[in-house]
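Novice: Line order of the protein sequences matches chains A and B.
Per my numbering, the first sequence runs over residues 1 to 189.
Per my numbering, the second sequence runs over residues 1 to 189.
Think of the hints as simulated: they come from the structure by calculation, not from any bench.
Don't be surprised by glycine CBs; every beta carbon is placed ideally from N, CA and C.
Among the hints, erroneous ones may be present.
Stated by the list, open to error - In silico contact screen, one side only, chain B against chain A (beta carbon under 10 Å); selected entries:
#, residue
1, 76
2, 78
3, 87
4, 91
5, 143
6, 148
7, 152
8, 154
9, 169
10, 171
11, 175
12, 176
13, 183
Number of protein chains: 2
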Amino acid sequence: MNQVPIGVSARHIHLSEQHIEQLFGEGYQLQVLKDLSQPGQFAAAETVAVVGPKGRFDKVRILGPARSQTQLEISRTDAFSVGLNPPVRESGHINGTPGITLIGPAGEVTIAEGVIVAARHIHFHTDDAAKWGIVDKQLLSVKIDGERALILEGVIARVSDQYALDMHIDTDEANAAGAKNGDMAWILS
Amino acid sequence: MNQVPIGVSARHIHLSEQHIEQLFGEGYQLQVLKDLSQPGQFAAAETVAVVGPKGRFDKVRILGPARSQTQLEISRTDAFSVGLNPPVRESGHINGTPGITLIGPAGEVTIAEGVIVAARHIHFHTDDAAKWGIVDKQLLSVKIDGERALILEGVIARVSDQYALDMHIDTDEANAAGAKNGDMAWILS
Numbered sequence: 001m002n003q004v005p006i007g008v009s010a011r012h013i014h015l016s017e018q019h020i021e022q023l024f025g026e027g028y029q030l031q032v033l034k035d036l037s038q039p040g041q042f043a044a045a046e047t048v049a050v051v052g053p054k055g056r057f058d059k060v061r062i063l064g065p066a067r068s069q070t071q072l073e074i075s076r077t078d079a080f081s082v083g084l085n086p087p088v089r090e091s092g093h094i095n096g097t098p099g100i101t102l103i104g105p106a107g108e109v110t111i112a113e114g115v116i117v118a119a120r121h122i123h124f125h126t127d128d129a130a131k132w133g134i135v136d137k138q139l140l141s142v143k144i145d146g147e148r149a150l151i152l153e154g155v156i157a158r159v160s161d162q163y164a165l166d167m168h169i170d171t172d173e174a175n176a177a178g179a180k181n182g183d184m185a186w187i188l189s
Numbered sequence: 001m002n003q004v005p006i007g008v009s010a011r012h013i014h015l016s017e018q019h020i021e022q023l024f025g026e027g028y029q030l031q032v033l034k035d036l037s038q039p040g041q042f043a044a045a046e047t048v049a050v051v052g053p054k055g056r057f058d059k060v061r062i063l064g065p066a067r068s069q070t071q072l073e074i075s076r077t078d079a080f081s082v083g084l085n086p087p088v089r090e091s092g093h094i095n096g097t098p099g100i101t102l103i104g105p106a107g108e109v110t111i112a113e114g115v116i117v118a119a120r121h122i123h124f125h126t127d128d129a130a131k132w133g134i135v136d137k138q139l140l141s142v143k144i145d146g147e148r149a150l151i152l153e154g155v156i157a158r159v160s161d162q163y164a165l166d167m168h169i170d171t172d173e174a175n176a177a178g179a180k181n182g183d184m185a186w187i188l189s
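Throw the hints in and build the complete structure from the sequences for me.
Specialist: And the structure:
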């Protein structure tokens, strides 16, 4: 069976350039704290506060670089705490999703939409996908072993020569499986 | 395939009689807020605060009646918030688990052990188990369908003529599966 490393995504936010400037000041550039598994992606040194109808998170990590649309990714557990009911979506598919208020050191922005629970997915480099006979958008069953073993169904394959092999799940999924960042999972089909 | 209703357990606590008295006062009796799916079990009107090394929860629901040992059941997400690393255990198996501080209106108690992440399990009435050929302690694979479909492995069968059919999972597991209280799951094997 083909093995894939697990990347656990804690709540995080992608910001548009416009929102970076509104939150951090004109011409502001995000600082790189740490490179992520996907080439060119990084955890920024900066965080923002997010404020929902029922609660807030004070330090939500920004992931860079800037994107065309601002998108906040939270777990369903987080969603209950802030009082929102975001749908499970693929990254970038934010049409009709709830909004939220963002607070940075230089200002505050209320986005009309952009809050999602990220759909679990695996990034495959084109070469890995070809070798394993996996195509972009394919839905996979993936087993995470251990004392809380489970099989995730409908894991979306995303294939690109810009990607490195990594399965992205959120903290609810990781905690339900007793898995942590860097553990391995097995693609069943 | 055999269907079983899902009962989602949010964080909760079972208290010994001694701890009820220390937290609420001498001779105190828990008030019934709501009967639970298992005969004789109830959600009490009372809550306690629990305080761990890194955080606290102010209103943790007490489930009654009193038990021989105090036991706090939290999700792994909760465990990170309070700063503990409890093992996944069956109810009652608290030997060597972390302790925590409990605060009630009449006093405060620090338990030396008793914090667990509950192992997922299904309560079967003896008749259901017999009909389906399931025995006590059997490990089952159970599918939860939907847009976050998954298969939980190693779900422990607990069989008694005192039980009503119900699968107990925690909020991490429910959120990972996109499931809510009263949804149905399927026993695969």
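Novice: All hints, please: hold or fail.
Specialist: Cross-check of the supplied hints:
1. 76: Given a least distance of 4 Å, the restraint on residue 76 of chain B holds.
2. 78: holds (9 Å)
3. 87: holds (9 Å)
4. 91: At 16 Å from the nearest chain A Cβ, residue 91 of chain B fails the 10 Å test, so the hint is violated.
5. 143: This interface hint holds because 8 Å falls under the 10 Å limit.
6. 148: holds (6 Å)
7. 152: holds (5 Å)
8. 154: This interface hint holds because 6 Å falls under the 10 Å limit.
9. 169: Holds. Min distance 8 Å.
10. 171: With a closest approach of 6 Å, the residue 171 of chain B hint holds.
11. 175: The hint holds - residue 175 of chain B has a Cβ within 10 Å of chain A, the shortest such distance being about 4 Å.
12. 176: holds (4 Å)
13. 183: violated (14 Å)
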